[in-house]
Structures are given as structure tokens and as C-alpha cells.
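Residue numbers (this note's numbering), protein chains in the order written: chain A, 1 to 230; chain B, 1 to 230; chain C, 1 to 230; chain D, 1 to 230.
The set of hints was computed from the structure by calculation and includes no laboratory data. Quick caveat, the model's predicted, so the values are computed rather than measured. Hints may be right or wrong, so weigh each one.
Identical copies look the same in the list; a pair holds intra-copy or inter-copy alike.
[What the hints assert, rightly or not] SDA-like, lysine to any residue: derived pairs with alpha carbons at most 25 Å apart: (1) K216 - F145; (2) K216 - L44; (3) K216 - E124; (4) K181 - S139; (5) K181 - A163; (6) K181 - D66; (7) K181 - Y54; (8) K216 - E123; (9) K181 - A32; (10) K181 - N165; (11) K216 - P141; (12) K216 - D150; (13) K216 - A32; (14) K181 - S50; (15) K216 - D66; (16) K216 - A9; (17) K181 - P144; (18) K181 - L210; (19) K216 - A146; (20) K216 - S13; (21) K181 - T7; (22) K216 - S50; (23) K181 - W30; (24) K181 - R204; (25) K216 - L61; (26) K181 - S89.
Number of protein chains: 4
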Amino acid sequence: MSTLLDTIAGVRSEVCALHAELTRYELVVWTAGNVSGRIPGHELMVIKPSGVSYDELTPELMVVTDLHGTPVDGHGTVEWGNPGLSPSSDTAAHAYVYRNMPDVGGVVHTHSTYATAWAARGEEIPCVLTMMGDEFGGSIPVGPFALIGDDSIGRGIVDTLTASNSPAVLMQNHGPFTIGKDARAAVKAAVMCEEVARTVHIARQLGEPLPIDRAKIDSLYERYQNVYGR
Amino acid sequence: MSTLLDTIAGVRSEVCALHAELTRYELVVWTAGNVSGRIPGHELMVIKPSGVSYDELTPELMVVTDLHGTPVDGHGTVEWGNPGLSPSSDTAAHAYVYRNMPDVGGVVHTHSTYATAWAARGEEIPCVLTMMGDEFGGSIPVGPFALIGDDSIGRGIVDTLTASNSPAVLMQNHGPFTIGKDARAAVKAAVMCEEVARTVHIARQLGEPLPIDRAKIDSLYERYQNVYGR
Amino acid sequence: MSTLLDTIAGVRSEVCALHAELTRYELVVWTAGNVSGRIPGHELMVIKPSGVSYDELTPELMVVTDLHGTPVDGHGTVEWGNPGLSPSSDTAAHAYVYRNMPDVGGVVHTHSTYATAWAARGEEIPCVLTMMGDEFGGSIPVGPFALIGDDSIGRGIVDTLTASNSPAVLMQNHGPFTIGKDARAAVKAAVMCEEVARTVHIARQLGEPLPIDRAKIDSLYERYQNVYGR
Amino acid sequence: MSTLLDTIAGVRSEVCALHAELTRYELVVWTAGNVSGRIPGHELMVIKPSGVSYDELTPELMVVTDLHGTPVDGHGTVEWGNPGLSPSSDTAAHAYVYRNMPDVGGVVHTHSTYATAWAARGEEIPCVLTMMGDEFGGSIPVGPFALIGDDSIGRGIVDTLTASNSPAVLMQNHGPFTIGKDARAAVKAAVMCEEVARTVHIARQLGEPLPIDRAKIDSLYERYQNVYGR
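Only chain A is shown next, with the shape it has when bound in the complex (with noise of 0.2 Å):
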């Protein structure tokens, strides 16, 4: 039991440390936004609480909850240390997420101010930044609308990130959910999210942008997907 436990105590302290990225970049306001993670080898997530603020967060007030997002505590007894919080609001989009995902390790909801406009227009970003090739591997698409309460957001996600390079979907008039490989990754992803959204839209202001062709795309995101290591 104590790799379990060695290891959930990591994932919480990665997890709750991460919150720190999405204040610093500026990707969230108040509490509105969160990032989980999964326990390597285990039907087990950790996630942000419910309504505590990014100051207050310590790696003891993150929740472990199985993969339909219930918080569970080990075998009854208090060994995994659940606060007694509730889990985010968004708990069940991350849970579905990793169900239908397994190479996802990580998950991250912001309203980021500039993703979340073109979720508000419905409209994907076009890929017309040499780091958007690197990064996503193209455009970063729009999910659909879909209410809070069920699986329909956590569906929109999956759907549309498996027919995609990109690690970041715009849900339509809601705001970007992103994945990786851990939660690291998918706090990375947000933050680029955030970057090319708000570039592209500045310089879709005063013009069109230059379109890349698609075989530098496929060029720029293959080097720096494999070669360069990432």
C-alpha cells in the first residue's frame, strides 16, 4: 500500500503546484478554473476542491475520486487523507475524460480569456503561428455546447480531441478544456492555448494572417513532437 500512497501524495502536491501556473499566466479569475490528475495504474484521479481559492490551496485539500468522479478513501478508512471537500465542479468532464482516454494523465478547464472568446463565436483557431504547428499540429477546435450536469461535456471533449493533433478544444460559449500525457503537459497546453488565441486574434484585428501551408505544419509539428524530444 504505501507506493499508493507515496504516489497519490505526489500527484496531489503536482496538482495542487500547478494551480500556481494558471494564476501566474493569468488564465483564471477567483476560482474558475482547475487541473487533475491520474494515478498511474489506478482508476483513481486528483482534482482541485470545489470553491477554494488558488491561495488557499495546499496538496492535503486536493480530492481523490475514481474515474466517474465519486471521492473515494481507500478501503473505508481515512488512509488516502480526503479533505472532505467537494470536488471541483467540473469533476465529471476530467473523469470522462480519462475513462475514454488512457494515455491522458492530465486535464486542465480554464475560461481563459481569449480562448474562451472564440469558443463564444464558435469558431476554431486557425494554425498561423510557426509555435501553433510545433504545439497542436494545426488548428485547435471548437466542441459543442453542452450544459453542466452529465457526460455531454466530457463527450464533446473526447470527440473532438480524437479526431485531432491538438491537445486543447474550445467548448462552444464555455471555455478551453486541454490534456497531456500528465498534468504538467496539459497546464502547458492551456498556458500555449491562452498565447496562440490571443496572437491570432490580435493579429486578425487588423488583417488576414498568412496561412501555412499544410506540409510545413506537418513538418514543424513531427520535428518537434519526435525529433526535438518533446
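Mind docking chains B, C and D on chain A? Use the hints.
Then chains B, C and D, alone, in the frame of chain A:
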């Protein structure tokens, strides 16, 4: 008396501390924004002193006034500890809200950039984001142009907010006022008001955001305010 | 002499400290902005040294000059402690203002982004916000294009400001200069100038802001400058 | 040898410290920007390691390479202290600049938002601000689209900059590269490039900026570079 003195001290501390959220989220510059809180069960409120910079605020500098905005100090002795400073020049508007909306426990006024830009055009912010459905239950309305110096501003706030789900009103050519069950909730509304004002502005710069059905907005608002337990 | 030495030391400290407000409100990058203050009752001023970064400023590095911008050091001894640094390259403009506007005790120059954008188009900022009525008493005017090297910039500032209520002028293709009864008031004017430049810019991006009647602007300005006691 | 070791240590410290200016002025997110400096008098340069976050940079982590971007370490011993990290993925472009522009002592690459937006449209930034005349001596030019992996990016930078007064070039669909007599001057050029990219962008959002005559631009540039002593 000690209960009232303790309550006053508590509201003073909370109102003082909440001004740091206005600067953290860049809702204010110089001294141009203020938070107040009702003293529950008494015809009293606590508000920022006029002309004092946010860096210099301490709980002791907060001013206790009656619900007409006149500084009061207990039975004519110093036991409530008013600092001899004038209350914010916006005190009359805050006081009018407390007199006429008994469930309101906190009021915030800022000139936050994007909300004030909508106010300068006299244009309400349409509800095109799920987070607006959650927090505002529809569009953020515009209140009338009103000069400082009598109850015009307060009356404009109250008349507009009583006809809306929204805890925020954009006073024309002036800026936003927000309310909440306590000062913290009013500050959250001010933060979220600027956030959605900015996001919807940016969305509209490059086209029309997609509307959200009224029934879906009602569903989001109902869930967030009731089921989700805020 | 000790009175003058104390006065110089006081102005040096204040002028030095006020540069931190320029960086706090992001009005300047690198070394591109400066504050000066008059030595009351003397034909002297204190100004930022040229080319020194804001992090490295100390009161001792501030340069004392006469009102033609020439560094002076008492009776030829070191008692005024000039640091051997050159005064800001904008010193001639500051000095011209002090020579020709005897009530001015502080001058600030920045290239703050939104104010400079209006200046690049040579367009005054219309008074469409109540806070502009309060602080500027009308629109913020544009001064002429002028090259550095003689009194052209100073004369453009003085000619424009003497014909306006505004303590801020947008020098064409260049940036804002602001004045005040002391250096702190000039810094406040610089902060508020950028704030209204940004807010009115953003308002106009999506339509025309609603005008405010001249009589209402006068009422706001009168109250703020006189009744309210600024 | 001790002189070279000392020189390397000095450049390492300076290059490391200058990365903090990139984050301070928000020119970079995550690890997407880099500074390098030439080792004067040697065919060597110092550059940021690949994939290391700005918070974790120390002088010891900076990588010494030859002017083809290959890490080198003295005479095959460890005396130059290379950390075993790869140099930045942009090293080939920096190295090409040092090989072909002998007066250049520092190179900076970022994806700063507004400069990159101009680059995405392939549009040069027109010289409509006196500070652009001072620092850039005219417009900021656009370089060709070039893929990473050979000398295409470096050649595009050098060809464009040798035909311009500007120390900054906007590589199409990619972002800015800047040069200077040392690393600090190249960082200043990167900061000023983003500043004028942003200001001219915002000016153009609401109309056309007023042009500045070529003769006046030359006068500003001449004075700033020579008379003013930069």
C-alpha cells in the same frame, strides 16, 4: 455592547482586506474604487475612507456610517473608533442600496476597464458565456446616467438591479456597481463582471458571439445558484 | 542653507519614490519615462537621471537642475550632492513648463500605451466618462509634433495646457506629458490619463460612446476640484 | 586561461539574469524565448538551455557553444562547466547571426504577442512614433518564412537586418529576433520592439496614425544613436 464592537471589528477587517482583491484583479487604479459591508442587524455600514491609497488601508481606517452615509461613532464617545477620515465620495450610493435592498450585505464600485467601456456606450453585456449564465443569470444591465451629489446614482442602481437576475449594473458613462449577500460576494461579482465584460468584448471584436437559449441560461443559473449551493 | 538642503532632500525622495508608480501602473518600459518636481521657492527642479533603470533609482541619484535644465550644485561645492549623472533627456521640456507655468510643481512624461496611441493619430480623447469630467474637466487635448533639442516640446505642452482644463496633453506621435501642483499630482494625472485613454479606446472599438453634456462635465469638474476638495 | 574562464562566467551571469527581463515585460510564456551573448574575442557564445523554465535558470545552466551551435567545453575537460543540457532549439539561428554579423554581441528571440501578430500578417511596423525613430530609425522589417532545422532562419534574420537600421526583425508567422552590441542591448531592443508593436497596433485599431517625415526620423535616429550617446 461587546458583540456589536466585535461585529464592527470583523466587518472592518473583511472590508479592508477585500480591497486587495480589487488591485489583484486590476479593477482599480489610484484610489478609484471602494468596497462596503453592512453591519448585520444594525442600521450601519463600513466603507473605505476617501482618498487613501490601497497600500495604506488598515481595518482601523475604515469608516462606520449610518445608512444615510453619515459617519457615526457609537454614543458620541470614541468606542467605534472612527478614524476622522471622510467616507468614500461614493458612500451615498452604497447607503441607498442598503436602505432599499435589505438582503444586500455588500456593495462594490469600480471603474474596471471593460465594464466601464460597455457603460460608456450604454450597452448591456449579452449572455453568451456559460459562466455568465452561472453568475449573472442573463445579461448585465445598464443603469441611467446620474450625477453624484444626491440619491440619483443609488436609485439608478436599485431600480436596475431589482428588475434583473444580475448582481452587477453598468451605470451609464460611469462604471459598474455590484452587490452580494456580503462584501466578499459583491467583490466576486465585480471580478466576474469585468471578466465577462472583457471576454464578450473580445469575442465581438471579430464577429458575433453565438447566443445561448433563454431556457439554457435559466438552467445554468438555477443549478449554480441552488443545486451547486452558492 | 539647511532649510534648502532639507527641501531638496525631500523633493529628491518624493520624486524618486514616485517612479515606482510609473512601473506599478505599467506606464513605462525600460527607462522611457520620468518624473520631476519643483523646489518650492527656488529656481530649481529635481529630475530622474538619464539611462538609469527604475530598479536602481535612489534619492541620491536624482539630479538638481536650474529651470533651464542645467545641473547645479549649490555654490560650486558638493553640498547639493548631484550624482554626476546627466538629467533625463526630456529635461528641457520639464524645465520649460516650470519657467512658464508658475503654479506647476510637478511634471511627468511617459509613453503609456493607449495615450500614445491616441497621440499617434493626433486625436484628442473625448470626455465620455464621469471620471474624465472629474479629473480632466473635458477632453484630453493633442499638442503639436515637435522634435527634441530645443524648446519646441516645452512650448507645445504649455500652449496646449494653458488653453484647457486638462492636466494632460498628448504630444503628437510622441506621448503624454502631465502636470500637477506637485509631483504626486502629476503622477496621478499620468495614471488617470492612461486609464481613460484605454477605457475610451475600448469603448470606441465596438461603437460610439454616449456623449456627456458640457454642463454636466462642468458640474462634475467643479464638484471634484472644489467641493470634493482635491 | 583564467581570463577566458572569467569572461565566460561573466557572460553566463549576464545572459542568465537577462532572461528575467523577458518575463518581467511579459515577452515570453513557459520556455518560449531565449537570450544569447557572444564571448568577446572568441568563436564562442553562451545561450539558454532547452526546456528549462525561467524560474530555474542559473548561470551554471547556461550552455557554451561554438559559432555553429555545438556545445564545447574547453580542451575536452570540464573546465568550462557545461551542464550537459542541450542548448536552446533556436541556437542555430543565434549562431548564424554571430558568424555573419561581427559587431553583434547579443541576440534575443521571443514570441512576444504584438510583434508576433504583425509577423503573422507579414506586415512591417511603420515608424509613427518618435520612440521608434530613436530606437529603430524607421520601420521594423519582416523576414521570410523559414522552417527550423537548417540556416534558413539565421539567413533570413541577417539578410533583413543588414538592409535596415532596425535591430529587430519580425520573422514571418514566427516572431521577433533582435540584436545588440551586447546581450543587454538585444534585450532592450526586444522590449522596445514589443512596446512599439503594441502601441502602433492599438493606434491603428481606430484609424490611421499620422506619418513622420523621413527627414525627421533620420534626425531622431541620428541624435539618439550619436549625440545622445547610446
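Each hint, compared with the structure:
no.	hint	in the structure
1	K216 - F145	between (32 Å within a copy, 10 Å between copies)
2	K216 - L44	neither (39 Å within a copy, 32 Å between copies)
3	K216 - E124	both (19 Å within a copy, 23 Å between copies)
4	K181 - S139	within (20 Å within a copy, 39 Å between copies)
5	K181 - A163	within (17 Å within a copy, 45 Å between copies)
6	K181 - D66	within (19 Å within a copy, 35 Å between copies)
7	K181 - Y54	both (24 Å within a copy, 22 Å between copies)
8	K216 - E123	both (23 Å within a copy, 21 Å between copies)
9	K181 - A32	both (23 Å within a copy, 20 Å between copies)
10	K181 - N165	within (14 Å within a copy, 42 Å between copies)
11	K216 - P141	both (19 Å within a copy, 23 Å between copies)
12	K216 - D150	between (40 Å within a copy, 14 Å between copies)
13	K216 - A32	between (37 Å within a copy, 20 Å between copies)
14	K181 - S50	both (24 Å within a copy, 20 Å between copies)
15	K216 - D66	neither (42 Å within a copy, 29 Å between copies)
16	K216 - A9	neither (43 Å within a copy, 39 Å between copies)
17	K181 - P144	within (24 Å within a copy, 34 Å between copies)
18	K181 - L210	neither (32 Å within a copy, 32 Å between copies)
19	K216 - A146	between (34 Å within a copy, 10 Å between copies)
20	K216 - S13	neither (39 Å within a copy, 37 Å between copies)
21	K181 - T7	within (16 Å within a copy, 41 Å between copies)
22	K216 - S50	between (43 Å within a copy, 23 Å between copies)
23	K181 - W30	between (27 Å within a copy, 17 Å between copies)
24	K181 - R204	neither (32 Å within a copy, 34 Å between copies)
25	K216 - L61	neither (45 Å within a copy, 32 Å between copies)
26	K181 - S89	both (23 Å within a copy, 22 Å between copies)
Checked against the numbered hints above, the structure breaks hints 2, 15, 16, 18, 20, 24, 25 and satisfies the rest.
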